[in-house]
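**Q** Sequence order for the protein chains is D, C, X and S.
6 is the number of the first residue of the first sequence in this note's numbering; add one for each residue after it.
6 is the number of the first residue of the second sequence in this note's numbering; add one for each residue after it.
6 is the number of the first residue of the third sequence in this note's numbering; add one for each residue after it.
6 is the number of the first residue of the fourth sequence in this note's numbering; add one for each residue after it.
Calculated from the structure, these hints are not laboratory results.
Among the hints, erroneous ones may be present.
[Said to hold, decoys possible] Okay, derived cross-link-like pairs now, DSS-like style, lysine-lysine, Cα gap no bigger than 30 Å in a straight line:
(1) C:K313 x C:K359
(2) D:K353 x D:K334
(3) C:K344 x D:K323
(4) C:K323 x D:K225
(5) C:K269 x C:K344
(6) D:K248 x D:K336
(7) C:K358 x D:K323
(8) S:K297 x X:K183
(9) D:K183 x C:K297
(10) S:K336 x X:K297
(11) C:K248 x C:K358
(12) X:K20 x S:K297
(13) C:K334 x D:K269
(14) X:K225 x S:K313
(15) S:K269 x S:K336
(16) C:K183 x C:K248
Protein chains: 4
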Amino acid sequence: MAEIEGNAVVANALKEQGVQFVFGIVGYPVIELGMAIQTAGIHYIGMRNEQAACYAAQAIGYLTGTPGVCLVVSGPGLIHAFGGMANAQVNCWPLLVIGGSVAQDHEGIGGFQECVPTQVELARPYCKYAARPASIHLIPMHVEKAMRLCKYGRPGVSYLDFPGNLLTTLVPEEAIPKQYLCPEPPLIYPNPRSIEEASRILLGAQRPLVILGKGAAYSKAEREVRELIENTNLPFLATPMGKGVVSDNSTKCVASARSHALQKADVILLVGARLNWILHFGRPPRFDPEVKIIQIDINAEEMHNSIKSAVAIQSDIKPAVAQITDILKAKRFNFGSDKQWWKELKLKCDGNKKGVEALAMDTTPL
Amino acid sequence: MAEIEGNAVVANALKEQGVQFVFGIVGYPVIELGMAIQTAGIHYIGMRNEQAACYAAQAIGYLTGTPGVCLVVSGPGLIHAFGGMANAQVNCWPLLVIGGSVAQDHEGIGGFQECVPTQVELARPYCKYAARPASIHLIPMHVEKAMRLCKYGRPGVSYLDFPGNLLTTLVPEEAIPKQYLCPEPPLIYPNPRSIEEASRILLGAQRPLVILGKGAAYSKAEREVRELIENTNLPFLATPMGKGVVSDNSTKCVASARSHALQKADVILLVGARLNWILHFGRPPRFDPEVKIIQIDINAEEMHNSIKSAVAIQSDIKPAVAQITDILKAKRFNFGSDKQWWKELKLKCDGNKKGVEALAMDTTPL
Amino acid sequence: MAEIEGNAVVANALKEQGVQFVFGIVGYPVIELGMAIQTAGIHYIGMRNEQAACYAAQAIGYLTGTPGVCLVVSGPGLIHAFGGMANAQVNCWPLLVIGGSVAQDHEGIGGFQECVPTQVELARPYCKYAARPASIHLIPMHVEKAMRLCKYGRPGVSYLDFPGNLLTTLVPEEAIPKQYLCPEPPLIYPNPRSIEEASRILLGAQRPLVILGKGAAYSKAEREVRELIENTNLPFLATPMGKGVVSDNSTKCVASARSHALQKADVILLVGARLNWILHFGRPPRFDPEVKIIQIDINAEEMHNSIKSAVAIQSDIKPAVAQITDILKAKRFNFGSDKQWWKELKLKCDGNKKGVEALAMDTTPL
Amino acid sequence: MAEIEGNAVVANALKEQGVQFVFGIVGYPVIELGMAIQTAGIHYIGMRNEQAACYAAQAIGYLTGTPGVCLVVSGPGLIHAFGGMANAQVNCWPLLVIGGSVAQDHEGIGGFQECVPTQVELARPYCKYAARPASIHLIPMHVEKAMRLCKYGRPGVSYLDFPGNLLTTLVPEEAIPKQYLCPEPPLIYPNPRSIEEASRILLGAQRPLVILGKGAAYSKAEREVRELIENTNLPFLATPMGKGVVSDNSTKCVASARSHALQKADVILLVGARLNWILHFGRPPRFDPEVKIIQIDINAEEMHNSIKSAVAIQSDIKPAVAQITDILKAKRFNFGSDKQWWKELKLKCDGNKKGVEALAMDTTPL
């Protein structure tokens, strides 16, 4: 009867849950875990500092929707990853961090790199889910749950803690229960009445603006958003992480008139972006105090933050944008380039572009 | 130029955000706040122990959707409320707790009932939102946000902390900014493909069961759920907090055959209920290992917990149930009382009822 | 080969570490633990609310130096004890709290009264030591450490968490290692140069005052403190918890002139008392801004808090007071009742006593 | 009437409390604070990563007894310092970390690098003291307390949090209260009866060993420890951080026979060292199960950890070692090099040295 070790149970569970990349630094007690991960057919990228490892791992999750894993040793190994974990959590990027920890019979007596409070406690402020599986049999369940929680709803960070003695526990292979593969996250659809209200407001806008945020990128709503922009000729801006959903080279992009567009817009369709410091909190003097915000966000708790939205649409980006586009198309809405608002924006764009070009051509030594 | 005190600013903000009931115990430093709350026209109910005050306040929020407030003094006053806060948070009931705290110039030197860690830190594990407004001007914003966060998404608890010196600060009335009224929470709708898949599974069920949880009650989906039950003749059960959505006296209620119904059902429509300990985690031997669960829940992170659902529908209860009903009606689906499953359930119900009646009539002294 | 259960291992460990009294409320999963505790010969007092149980248990610890135990169930059971734990921790009273918690295979899936964050995390802010023994073999070590940590240095609170499955684990009796009995706490002695400096200041005082705090009571320094007071005729006051170290009936007690004594003293010997809110932070206008404080405290971190002491003596109360007494006796120091300061204090005392007596004799109906 | 800004108040307070070195990375909102620190005459060392800055700053504190300061920006700036803070806290090294944080009117609305939980909460697990001064007037008090707490008792870490708006607040200079300079930490002396007992055990030892830890180094007990070793001819070892208290070149140093010395010693005088993983927890098979440990430590809570000491002496290292030396000298104790134990140790040392030399001379390519 073949036996299996904790290390292999963790590695297999990661593989089964679709993990493709692990970034980390190995050392006691996760050296053998690093090997087991490679044996399981997962790419392992050795780094020099857990800080960088954790920032790297989260980029994979944002780009692909499948969380990368950051693997760290106990104590400082984990703590050095907290910067990356905090970043992923705030950025709403899916990430799974796995930390080795002191053998449990060394707890309370000054074990090697023992943490008090425990590593699970220290990690929790940066996590949606943080746990230590209580036995080898529970590892597949916790790995699936960690993957599920970091991907579902608003994405974020999961942390799993593995004491050294758990990783080296041996049990018969058949003692490890099979765990289901974490299904794709559920999609939520918008309230139709909110979609109608949003469309009504857009139809009446004099100085409309679309702002694309990272939520639009993460939900892979490129097709829907581009169709909206192309069909309506609405001017748009992107936040730094929202770039690429529609090309900055689009004639509808008013990035070169950003300040003016934000300040003068009377209706803003906010697509997966937050009215936080990056968007000046949506407040005067950077925004018109009378601006009507149509907010589309996956997260209820993000609604009406800082200022009150005219319409708050909790939904995945794709169906919400598609439904608005459908209504606007049915109304044959097109915000023509001959509108006063477009003329203003174009003028600002041209002026700003010329200024930048002049600076770029200025060869005067500094 | 009239001046206004912190106490009145807090009381007015609560009133403006729709608070109708405050349960609490006053003492230093919230005596005057208790008075200001009554002056503002809010019902104040004086209690004898913060523990009970907090359990009482949360019931109001669950029953009405408008959070009750629990008002406590510093130190032990707040800590005695943690039992209630934990309960509300786990139960997903909206609740706002307001605590007075030590004057800030007494922090660090052993102030009266000073807490280290601070009260905000101590309260945070039981909260969706916990904050101390940094100045009197920020009070209306934090009160609105606290109300909003405890109601939006999955409901829960907010805590606001008011140092004694903040409550007695005086400023000109016009220095206090107006804050918008927290709008009603957004409604989320189901993914139509999930609704179709759920309907397809229900149509093919041999031993279907509907389980009604507190989510159905909190979303006030009585009309939609009753229509589903009446139109389909599906047998149903309610969790303790899900009772009343459909009357236990309904002929469709199989509460008297609960164990059998759970164990033998091949398809379960789970309506705002969790597969936690109350429902035996949805696992064998209390459930059929092949049971197909159709899960409707407002919270993505609740999906596939403990066992994998066949269909996971993240949605407000009302539209999801209504859409399933529409499809079943269109298919003229009716799960006739002559079905083998109904006969089994009725037999069990009758047997169990007779047993209970016999016990009730047994006048043998114990 | 006889087997032993986790419950008995915990109970035996408590008994071996000298626990005599347990206050608690039993329920799942600590019913059998309550029985095992009684089987082990420990007094068990059943209470009606964990809040009261925890306040009761800590009084035993303060009065006897041997911690009482508070036994609670999971979830609300533990959280209801936090008020008492916070009080014991702030009061520097030794206390051990024992909580049952959810079986570990129910963690993460909504176990009965499961806490997220875990109970150890929730308890930690109120503790010097909080831990969950990882296996039955580690229980005696953690019980000893919990007892040791709550008694050593500045006393406080320990918490131990026992999942239901750990309490019902069975192992051969001889598999449980023997653990040493926690020795009596070490005693620390004062820096002789600080004692000399303190004595020099006392010898030169015009309006000296001794303040007795709970540290003097807890260290059982009655003999040393009474010898100091008797030999020197110094006026003294006690804080509420410092009462009884010297009788309030002593002619040296100036409790009836408290405000005047605090305000006018030029030298204060602070014996195991904190200059926190109870003593008005040692600051004007309740104290002379030029007052010289001689601070005796077991805890380094308590020194110079709020105001700077003239001499800070970190020591157990007994040797520090005895050494000062020895020096003052050698100098034949006696602060005669004919001193101006004594006359003032007596006059104030007499006036205040007369006022109180008049009030007491006033039979006018209210 | 001259005004002073928060930045200058912080810088002046640091200077007044004796801070000489600040390591950090500036950025919003601490750019001006970095300048103010230099204006105040404190050395500022600009680093490239807060991780390294924090490790550097703590080395200063350990070497000089005067804490270095680590200055960081908000959010990731602070979190990157947690590795260093955890290290300093576990190592018992004094360190003060100062972090800028988001302006308070941006709290709750997604301010730049805003942390939820707050920075004070995130930092607290790594700190003895963590606080945010509530107003500019309270800054000098909190700076003194932070310095005091990180130095007093067992040293560790303090964290102070300064919101951007607090740092730019302007008040009249005379509104800032003067704060006393934090006095040198109190010294604690040993219980004379424990010293006698320790001396009695040493006098009877057949295979004695002295182990020097970082506590001996931090307390600057070189003179006392060298006098002990010289007068008694006792063999000694040093932990990695305890090296240099007595030179490794001393003929009494048995570092080359470390394993044998630990395993065979019958009495160990443990001078400011912990029986943690570095010393194999003081347990068999690395130690004799009957070994008698004489433990000298400043911290009561360190006593009897892992194994029970024969004598636990809570004291500063200097007086405890000096008093033992005095007794041993009075008894004319000298553990002669002709003792069997010394012969064993010398034999091991010589053997191990030869082995190492042979390796060093081995020029075979690897």
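**Q** Determine for every hint whether it applies to the structure shown.
**A** These are the hints, each one checked on the structure:
Distance hint between K313 (chain C) and K359 (chain C) is unfulfilled; the C-alpha atoms sit about 37 Å from each other, more than 30 Å. Taken as a hint, the K353 (chain D) and K334 (chain D) pair is honoured in the structure, with Cα atoms around 29 Å apart against an allowance of 30 Å. Our distance criterion of 30 Å between C-alpha atoms is broken by K344 (chain C) and K323 (chain D), whose separation comes to about 42 Å. A hinted pair counts as satisfied when its Cα atoms are at most 30 Å apart, and K323 (chain C) with K225 (chain D) qualifies at roughly 28 Å.
Simply put, K269 (chain C) and K344 (chain C) have alpha-carbon atoms about 14 Å apart, close enough for the 30 Å limit, and the pair holds. At roughly 29 Å between alpha-carbon atoms, K248 (chain D) and K336 (chain D) fall within 30 Å of each other, so this suggested pair holds. At most 30 Å may separate the alpha-carbon atoms for a hinted pair to count; K358 (chain C) and K323 (chain D) exceed this at roughly 52 Å. Taking the CA atoms of K297 (chain S) and K183 (chain X), the gap is near 18 Å; set against the 30 Å cutoff, the hint holds.
For the hint linking K183 (chain D) to K297 (chain C), the alpha-carbon distance of about 18 Å falls within 30 Å, and the restraint holds. A threshold of 30 Å between alpha carbons decides the hint, and for K336 (chain S) with K297 (chain X) the separation of about 43 Å lies outside it, so the pair is violated. For the hint linking K248 (chain C) to K358 (chain C), the alpha-carbon distance of about 19 Å falls within 30 Å, and the restraint holds. This hinted pair checks out: K20 (chain X) and K297 (chain S) have alpha carbons roughly 26 Å apart, not beyond 30 Å.
Taking the CA atoms of K334 (chain C) and K269 (chain D), the gap is near 50 Å; set against the 30 Å cutoff, the hint is violated. Distance restraint check for K225 (chain X) and K313 (chain S): the Cα-Cα separation of roughly 25 Å lies within the 30 Å cut-off, and the hinted pair is therefore satisfied. For the hint pairing K269 (chain S) with K336 (chain S), the CA-to-CA distance comes to about 25 Å; that is within 30 Å, so the pair holds. Restraint check for K183 (chain C) and K248 (chain C): not satisfied, since their Cα atoms lie roughly 41 Å apart, outside the 30 Å limit.
Comparing the model with each earlier hint shows violations of hints 1, 3, 7, 10, 13 and 16; every other hint is respected.
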